[in-house]
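**Q** What follows is the residue order along each chain.
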Amino acid sequence: MNHIISIHDLDRGQIDRLLFRAGEVTNEYAGKEPLKGKILGLLFFEPSTRTRMSFESAMLRLGGSCMNLGGVEVSSMAKGETLADTIRVVSGYADAIVLRHPKVGAARLASEFSDIPILNGGDGAGQHPSQTLIDLYTIRQSMSLDNINIGLIGDLMYGRTTHSLAYALTHYNARIHTIAPKGLGLPDSIRDNLEERGSSVIEHDSIEEIIGELDVIYVTRLQRERFPDPAKFFDVSSSYRITPSLLSDVKEHLAILHPLPRVDEIDPSVDCLPYARYFEQARNGVPVRMAMLTEVMS
Amino acid sequence: MNHIISIHDLDRGQIDRLLFRAGEVTNEYAGKEPLKGKILGLLFFEPSTRTRMSFESAMLRLGGSCMNLGGVEVSSMAKGETLADTIRVVSGYADAIVLRHPKVGAARLASEFSDIPILNGGDGAGQHPSQTLIDLYTIRQSMSLDNINIGLIGDLMYGRTTHSLAYALTHYNARIHTIAPKGLGLPDSIRDNLEERGSSVIEHDSIEEIIGELDVIYVTRLQRERFPDPAKFFDVSSSYRITPSLLSDVKEHLAILHPLPRVDEIDPSVDCLPYARYFEQARNGVPVRMAMLTEVMS
Amino acid sequence: MNHIISIHDLDRGQIDRLLFRAGEVTNEYAGKEPLKGKILGLLFFEPSTRTRMSFESAMLRLGGSCMNLGGVEVSSMAKGETLADTIRVVSGYADAIVLRHPKVGAARLASEFSDIPILNGGDGAGQHPSQTLIDLYTIRQSMSLDNINIGLIGDLMYGRTTHSLAYALTHYNARIHTIAPKGLGLPDSIRDNLEERGSSVIEHDSIEEIIGELDVIYVTRLQRERFPDPAKFFDVSSSYRITPSLLSDVKEHLAILHPLPRVDEIDPSVDCLPYARYFEQARNGVPVRMAMLTEVMS
Numbered sequence: 001m002n003h004i005i006s007i008h009d010l011d012r013g014q015i016d017r018l019l020f021r022a023g024e025v026t027n028e029y030a031g032k033e034p035l036k037g038k039i040l041g042l043l044f045f046e047p048s049t050r051t052r053m054s055f056e057s058a059m060l061r062l063g064g065s066c067m068n069l070g071g072v073e074v075s076s077m078a079k080g081e082t083l084a085d086t087i088r089v090v091s092g093y094a095d096a097i098v099l100r101h102p103k104v105g106a107a108r109l110a111s112e113f114s115d116i117p118i119l120n121g122g123d124g125a126g127q128h129p130s131q132t133l134i135d136l137y138t139i140r141q142s143m144s145l146d147n148i149n150i151g152l153i154g155d156l157m158y159g160r161t162t163h164s165l166a167y168a169l170t171h172y173n174a175r176i177h178t179i180a181p182k183g184l185g186l187p188d189s190i191r192d193n194l195e196e197r198g199s200s201v202i203e204h205d206s207i208e209e210i211i212g213e214l215d216v217i218y219v220t221r222l223q224r225e226r227f228p229d230p231a232k233f234f235d236v237s238s239s240y241r242i243t244p245s246l247l248s249d250v251k252e253h254l255a256i257l258h259p260l261p262r263v264d265e266i267d268p269s270v271d272c273l274p275y276a277r278y279f280e281q282a283r284n285g286v287p288v289r290m291a292m293l294t295e296v297m298s
Numbered sequence: 001m002n003h004i005i006s007i008h009d010l011d012r013g014q015i016d017r018l019l020f021r022a023g024e025v026t027n028e029y030a031g032k033e034p035l036k037g038k039i040l041g042l043l044f045f046e047p048s049t050r051t052r053m054s055f056e057s058a059m060l061r062l063g064g065s066c067m068n069l070g071g072v073e074v075s076s077m078a079k080g081e082t083l084a085d086t087i088r089v090v091s092g093y094a095d096a097i098v099l100r101h102p103k104v105g106a107a108r109l110a111s112e113f114s115d116i117p118i119l120n121g122g123d124g125a126g127q128h129p130s131q132t133l134i135d136l137y138t139i140r141q142s143m144s145l146d147n148i149n150i151g152l153i154g155d156l157m158y159g160r161t162t163h164s165l166a167y168a169l170t171h172y173n174a175r176i177h178t179i180a181p182k183g184l185g186l187p188d189s190i191r192d193n194l195e196e197r198g199s200s201v202i203e204h205d206s207i208e209e210i211i212g213e214l215d216v217i218y219v220t221r222l223q224r225e226r227f228p229d230p231a232k233f234f235d236v237s238s239s240y241r242i243t244p245s246l247l248s249d250v251k252e253h254l255a256i257l258h259p260l261p262r263v264d265e266i267d268p269s270v271d272c273l274p275y276a277r278y279f280e281q282a283r284n285g286v287p288v289r290m291a292m293l294t295e296v297m298s
Numbered sequence: 001m002n003h004i005i006s007i008h009d010l011d012r013g014q015i016d017r018l019l020f021r022a023g024e025v026t027n028e029y030a031g032k033e034p035l036k037g038k039i040l041g042l043l044f045f046e047p048s049t050r051t052r053m054s055f056e057s058a059m060l061r062l063g064g065s066c067m068n069l070g071g072v073e074v075s076s077m078a079k080g081e082t083l084a085d086t087i088r089v090v091s092g093y094a095d096a097i098v099l100r101h102p103k104v105g106a107a108r109l110a111s112e113f114s115d116i117p118i119l120n121g122g123d124g125a126g127q128h129p130s131q132t133l134i135d136l137y138t139i140r141q142s143m144s145l146d147n148i149n150i151g152l153i154g155d156l157m158y159g160r161t162t163h164s165l166a167y168a169l170t171h172y173n174a175r176i177h178t179i180a181p182k183g184l185g186l187p188d189s190i191r192d193n194l195e196e197r198g199s200s201v202i203e204h205d206s207i208e209e210i211i212g213e214l215d216v217i218y219v220t221r222l223q224r225e226r227f228p229d230p231a232k233f234f235d236v237s238s239s240y241r242i243t244p245s246l247l248s249d250v251k252e253h254l255a256i257l258h259p260l261p262r263v264d265e266i267d268p269s270v271d272c273l274p275y276a277r278y279f280e281q282a283r284n285g286v287p288v289r290m291a292m293l294t295e296v297m298s
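Chains as they are written, first to last, in this note's numbering: chain A, 1 to 298; chain B, 1 to 298; chain C, 1 to 298.
Be aware that one or more of the hints could be misleading.
Since the list can't tell identical chains apart, any single copy or any two copies may satisfy a pair.
[Unchecked claim] Taking lysine-lysine pairs in the DSS-like style, the calculated list, with each CA pair at most 30 Å apart, reads: (1) Lys232 / Lys79; (2) Lys182 / Lys79; (3) Lys251 / Lys32; (4) Lys232 / Lys182; (5) Lys79 / Lys103; (6) Lys36 / Lys232.
No lab work stands behind these hints: they were computed from the structure.
From just these sequences and the hints, can you work out the full model?
**A** If you want it as structure tokens, here you go:
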């Protein structure tokens, strides 16, 4: 594996190997510096502190160094340089690059001009494979990935993370339950693709009607700006909110995930329940990205 | 000691230990890397280059690494995340955090949600304990901390550093002399607290009347924006200015401190006099912060 | 050599030594960490990602660490501090400083107040010695530096890099050919200085008339903002554009350089020709700056 651009490029074997390695990496490399002398370049054309920080932490934990390759506002792209030229230059400064870019396909394009591995740190509405691997890894900490019932809740129209996760779970024969406000449901093209790959996708009107059957709840943020009427936003968002009372009769191993930051989608009193896995999920960014970095650099 | 939030939390013994360690740390760890493999997270919600840089330099000198945890403008807080959630996430990426925040009490709050040590790098008008330790350390390089006469000059109303320093000096039985423009004197509550703790606080109308008795002069910046009338600012600021002629008859060991940056408060021709300790004070940020970092992380 | 401020300060022997070292440094220090424990401070008062990144990469490749000393917008200079004070403070945090500043002479001034080496990373329309060393190093990879014919193309009025390169080449007896739009030719004072130093400077009306004789073409960006009339800019820039057809009858070892970023000055189809040396030139920033860093710090 040279570049990691999209979760669609990875087969089940490759995903399983990365997840397994993420589970081993912290102990395996304790006190060692497998990437000592290596430089990870962080090329973020839009801000994404969590992605940047956990890649940076992962690289430092492996004994390597990081350098910021600059964002668009201070860079040569502001002077009209193409992404291809930028990549050709900065790939001379580092041993691998994490690229975050607002445009779909940017990471793939970059990989064609780079001598060194490109790790896609999110390209607009496109792919963000490390997030999907983190989601899978977090689920796998609580249960087998095979044959789970997962509920996707919130904005499933624009929520890139839910699309990639659902796609990846087709390798594991998941049943996918969707609960979304009107107009923010899963796009038909994505539903069709999931079903072609053998997953069932079941639409629900409320969380209550399905929550007892779920192994995983994946909550995403509803963005206020999708709702022209603020009152409407308030109504809708409150009915997609995870509260302790909603969780009174759920499976014992239920795992609640959220890509964070959350605003009001999960009541803070849920944080101390055993189902809450979202802070663990955020922290899992480090071992999962350690696994990715060792995969492409060693 | 786990977190370092406020100088008020430290007793005289703890302060003395940190100051002693600051004096030893450079030699003690020369060629060693006591914090190798550790990561210091810098979480600055407002800019403060000096504080950030000297913590960073201190961490690198100890063999550790630093990572920028991002400021508010690029962070998840801009999306409405609470400080508690931010801390819960980023404390998974580092081994200690220096927090700079515009709101009083932020560092204390952060410490309640963090698994790793929080070092307060300044919380608004609140505390900035490393600055106070640097001030004490710089005085201690020239004289014993006990029973000194210190003159606090400039804006004593809003000048956070002078409040904390005066407080800390009550452990050492200081006599505190204040010289401030009308309306910018030491707040009564702070004066009362200092006196309750056994220090005498004496107000003066001019620097000249007391300068011969002082062991330490602590100068702070007068901020133009506190004066509605620019001409008034000019008049006032020039009468609080430290010049060589003012220093013609002072104690031999007099130490002039300033938290920097200075603008016009100290004439540049003072820089080459033996009393000028403010550049040394700035550089003392490194050993003092090395002492703090080893205290909480090793 | 303590500071590196201007290419004018270096004699031919010193330049040759740095270029030689740049050629050796990657192999010589492979697996070693000659600057381990050292900190390079990056003090950039205006953005320059390429310069910053390649100094940072160079420092990391040598086993050292880097720290950002902050730009003007977040720094104490915004509060009215002088450059002298800033340098006196930050030179306590690092072992050498790369300074980028918008004002001519800033690096020289800084060197007078600094206890540690200052490397000029560009001071406005003034000097940028590491860029010139990179240019020389790149030429030297293809041919001897002595007695070359070099064509300087584009904006030679404001193009700092061409002035410094032409100056440095007078050590090597170069013949300098200039091809510039009206009003953007080489300033008379610079031409006179080059001729006094023994170089011939020959002005040409078009690239075509001289291209067959050139060993090196150095292309610079024409800036749209120099042309009040956009149509005029388009006309002029297209006649200073390097295309494959222009290169049909050139010397075999011709090297085309460009400080990058390029916009339209070089047709992308030139990239795959053997003459294109500009991406290599960008990458040469790392070994050349490694040579500079070891020169001043070890």
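**Q** Is it within a copy, between copies, both, or neither that the alpha carbon of Lys232 lies no farther than 30 Å from that of Lys79?
**A** between (43 Å within a copy, 20 Å between copies)
**Q** Given identical chains, is Lys251 near Lys32, meaning Cα to Cα at most 30 Å, within a copy, between copies, both, or neither?
**A** neither (40 Å within a copy, 52 Å between copies)
**Q** As a check of your reading, is Lys182 near Lys79 (CA-CA no more than 30 Å) within one copy, between copies, both or neither?
**A** between (43 Å within a copy, 23 Å between copies)
**Q** Checking Lys36 and Lys232: alpha-carbon separation at most 30 Å within a copy, between copies, both or neither?
**A** Neither, since 53 Å and 53 Å both go past 30 Å.
**Q** At most 30 Å between C-alpha atoms: does Lys79 with Lys103 qualify within a copy, between copies, both, or neither?
**A** both (18 Å within a copy, 21 Å between copies)
**Q** Classify it for me, Lys232 with Lys182: is the Cα-Cα distance of at most 30 Å met within a copy, between copies, both or neither?
**A** Result: close within a single copy only, 12 Å intra versus 54 Å inter.
Hints 3 and 6 from the list above are not met by this structure, while the remaining hints are.
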